[in-house]
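So the sequence lines, in the order shown, correspond to chains A and B. Residues 29 to 495, numbered by my numbering, are exactly what the first sequence covers, in order. Residues 49 to 214, numbered by my numbering, are exactly what the second sequence covers, in order.
The set of hints was computed from the structure by calculation and includes no laboratory data. Small disclaimer: the values here were computed from a predicted structure and weren't measured. Heads up, some of the hints might be wrong.
Unchecked claim - Distance windows between CB atoms, simulated:
(1) Glu485(A) x Ala197(B): 29 to 37 angstroms
(2) Ile86(B) x Arg388(A): 43 to 51 angstroms
(3) Pro99(B) x Ala441(A): 58 to 66 angstroms
(4) Leu170(B) x Arg327(A): 37 to 45 angstroms
(5) Ile86(B) x Gln146(A): 48 to 56 angstroms
(6) Ala65(B) x Glu219(A): 22 to 30 angstroms
(7) Ala441(A) x Ala65(B): 39 to 47 angstroms
(8) Ala90(B) x Leu186(A): 53 to 61 angstroms
(9) Val112(B) x Ile84(A): 51 to 59 angstroms
What the hints assert, rightly or not - Looking from chain A toward chain B, a few residues come up when the C-beta cut is under 7 angstroms (computed):
(10) Val251
(11) Gln429
(12) Ser476
Positions of the beta carbon are idealized from the N, C-alpha and C atoms, including for glycine.
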Amino acid sequence: MTLPGPGSSPSNVGDDLGLGVTLPGHGTVDAAGRRRVHPISPLVHGVSALPVGFIIVIAFSFGMVEKLGPVGLLVAVSLAVLFGVLVTAWKYLAWRNTWYWFDDDGDFRVDSGVLTRQQRRLQLSRLQSVDVAQPLVARFFSMAEVTVEVAGTQDSRLKLQFLTLDEARALRSEILARAAGLRHDAGEAPEAPIASVTPRDLAVSLLLRSVTAGLLLVTILIVFVTVLSSGWGGLGIALITGGLPILIVITEFIKYFNFTVAQSPDGLRMRFGLAKTETRTVPPGRVQAIEFVEPFLWRRWGWVRVRVNIAGVGHEDANGNKEETLLIPVATRAVAEDLVQRVLPGLDIDGMAWHEAPERSRRRAPIQWRRLAVAWDDSVFAARSGRVTRRLTVIPHARTQSVRVTQGPWERALDLASVHVDSTPGPVRITGRHLDAMTARNVADEQSVRAEQARAEDHSIRWAEGE
Amino acid sequence: MADRTKDAFTYADGWTAVSPTLTRARRLTLALVYVLVIAAVAALFWIPDVPVWVAWVAVGVAVVAFGWLWWLIGRRVRSFGYAERGDDLLVSSGIMFRRLVIVPYGRMQLVDVKAGPIDRWLGITTVQLHTAAATTDASIPGLEPDIAAGLRDRLARRGEQRSAGL
């Protein structure tokens with residue numbers, strides 16, 4: 029427990045808990061340069077499993093605890109702890125078998141598995157993003173997890189649990205630097221903050237989203253009518269119409285709390301989260317499509333939300349839930365456009381010539397028909413829609429996957445058709461609705477040609493190579 | 049006006065139609081489903097609590113639906129068409145909800161050729177194209193196996209020549 033002198037840092041390598049204790053096995057590098065995750069990881073997994081253990085024990089022995097009193101409670105707690113110990117033991121075996129390293133081809137390799145051995149090889153040339161996150165329990169241990177995403181349909185996500193926060197950050201920069209074609213010892217790229225969202229703005233913006241505000245208004249009406257008619261039947265419905273939006277607001281508030289965006293040579297770096305801090309880096313040239321969303325009640329402040337499609341990220345998280353990938357949850361128009369300029373340089377929405385839906389489209393879309401339009405320039409295709417909540421979607425020609433023209437019976441009667449420009453899975457869908465049928469077809473044909481030409485000139489796979 | 053609507057989903061050099069065998073395959077599938085429908089309707093006559101007139105209405109509905117679906121299958125199959133252009137593939141389909149998909153060759157990630165048991169028995173296959181977008185949904189059913197294999201090979205070759213990253 030001696031204080032390390034200036035020159036004794038190697039002996040201090042495992043002392044990341046600040047307790048002056050060095051765990052055996054930390055920082056292990058074998059002859060082939062393979063590395064292990066932090067030796068405390070099994071314990072983190074074990075502690076994380078405790079709540080599940082309690083739930084299982086309670087579910088199986090609820091009646092017994094009541095009968096036996098304090099003794100039963102003690103037994104229940106010991107059983108839950110035993111569950112945690114078993115998870116720790118199992119994860120210890122997993123830890124012994126888990127190695128990660130960079131191989132000679134420049135790929136990121138991970139070997140893992142206890143009974144079923146798994147060897148995974150991630151091609152860093154297809155890297156989409158690297159995230160560092162600190163789940164709640166891991167944060168108590170000052171640990172972090174690293175999630176690596178490459179482009180691909182299945183099994184394109186890999187999670188390393190757990191490393192110290194510094195190690196995790198260093199690993200992220202190393203992966204990003206290697207993917208960018210730089211030397212791997214280039215060090216962590218310096219970052220400059222660009223934008224942040226205050227908790228107040230976040231809370232207000234979430235409450236004033238069109239669906240939320242609408243449902244809350246309905247709730248107030250229901251409560252009002254119920255009280256007037258002095259019956260109680262409506263309160264059950266009010267609980268649902270009022271409770272659901274409030275739940276969504278709270279969830280999103282916790283998720284996007286303290287949202288900050290910073291510019292680093294690796295790309296845009298987003299940090300956010302209250303219970304679980306997440307870091308997401310979006311390398312330039314990996315943004316597939318962008319959407320500006322502008323709910324009615326945000327307009328007096330000129331606020332917008334910016335959603336993006338990033339190949340391989342965001343459409344589903346580890347639990348299979350749909351996740352919205354955001355550039356920023358709420359910002360003024362100027363800040364949002366500045367952010368978008370960094371991922372799509374040269375975007376000029378106001379300078380584009382908009383081709384609007386014809387007047388007869390009002391019979392198909394009576395409210396939003398005036399805003400329905402598509403536009404394009406040399407590098408992007410754009411579509412706008414929505415009167416109450418305004419939406420503007422943008423996709424670079426080089427990111428166009430395919431183009432579709434569709435026509436329902438009602439559109440057919442009015443000689444209208446919709447054109448869809450397909451992007452990788454994500455929250456953004458690019459659709460030019462209810463255009464003149466022939467115009468829609470011509471736009472689709474031309475978009476296919478523009479996509480082909482743009483792709484031939486696209487060289488953003490290893491963006492920093494040769495620098 | 050009707051003529052212009054037609055124009056939006058046509059192709060100047062003409063669509064390549066799919067095999068009429070697809071009509072037979074789909075009508076056969078319909079007939080197999082109807083074995084279950086007939087069994088269900090017949091059961092209505094045997095359940096004591098159901099009035100006989102309800103069972104007869106069910107028979108009527110089933111017969112009308114069968115005729116309509118039979119006719120619809122024929123029209124739907126005739127609506128399928130594809131065309132290989134210089135830089136992209138066009139696939140057109142649908143009667144009530146019409147669609148036209150344009151897939152640039154360089155964006156194709158995968159070309160599947162597949163056939164179910166009935167399709168195999170009648171000797172037709174489906175060619176399905178995949179891009180990095182989940183919404184692309186370009187499949188051409190009802191192709192004879194040698195035509196399908198030829199199409200797949202041509203598409204794969206063109207895709208390889210032009211392929212790019214995401």
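Verification of the hints:
A hinted range of 29 to 37 angstroms for the beta carbons of glutamate 485(A) and alanine 197(B) is consistent with their spacing of about 34 angstroms. In this structure the supplied range 43 to 51 angstroms holds for isoleucine 86(B) paired with arginine 388(A), their Cβ-Cβ distance being about 46 angstroms. Separated by about 41 angstroms at the C-beta atoms, proline 99(B) and alanine 441(A) break the suggested range of 58 to 66 angstroms. For the pair leucine 170(B) and arginine 327(A), the beta carbons lie near 59 angstroms from each other, so the given range of 37 to 45 angstroms is not met.
Against the hinted window of 48 to 56 angstroms, the Cβ-Cβ separation of isoleucine 86(B) and glutamine 146(A) comes to about 51 angstroms, which satisfies the hint. Distance hint for alanine 65(B) and glutamate 219(A): a CB-CB separation of about 58 angstroms, inconsistent with the stated range 22 to 30 angstroms. Take alanine 441(A) and alanine 65(B): their Cβ atoms lie about 26 angstroms apart, and the range 39 to 47 angstroms is violated. The hint said 53 to 61 angstroms for the Cβ distance between alanine 90(B) and leucine 186(A), and at roughly 56 angstroms that hint holds.
Checking the proposed 51 to 59 angstroms range against valine 112(B) and isoleucine 84(A) shows it holds: the Cβ atoms sit about 55 angstroms from each other. Taking 7 angstroms as the C-beta contact cut-off toward chain B, the hint placing valine 251(A) at the interface is violated, the least distance being around 41 angstroms. At about 4 angstroms, the closest approach between the beta carbon of glutamine 429(A) and any beta carbon in chain B falls short of 7 angstroms, and the interface hint on this residue holds. Among the interface hints, the one on serine 476(A) holds; its C-beta lies about 5 angstroms from the nearest C-beta in chain B, closer than the 7 angstroms criterion.
In summary, the structure is inconsistent with hints 3, 4, 6, 7, 10 from the numbered list given earlier, while agreeing with the others.
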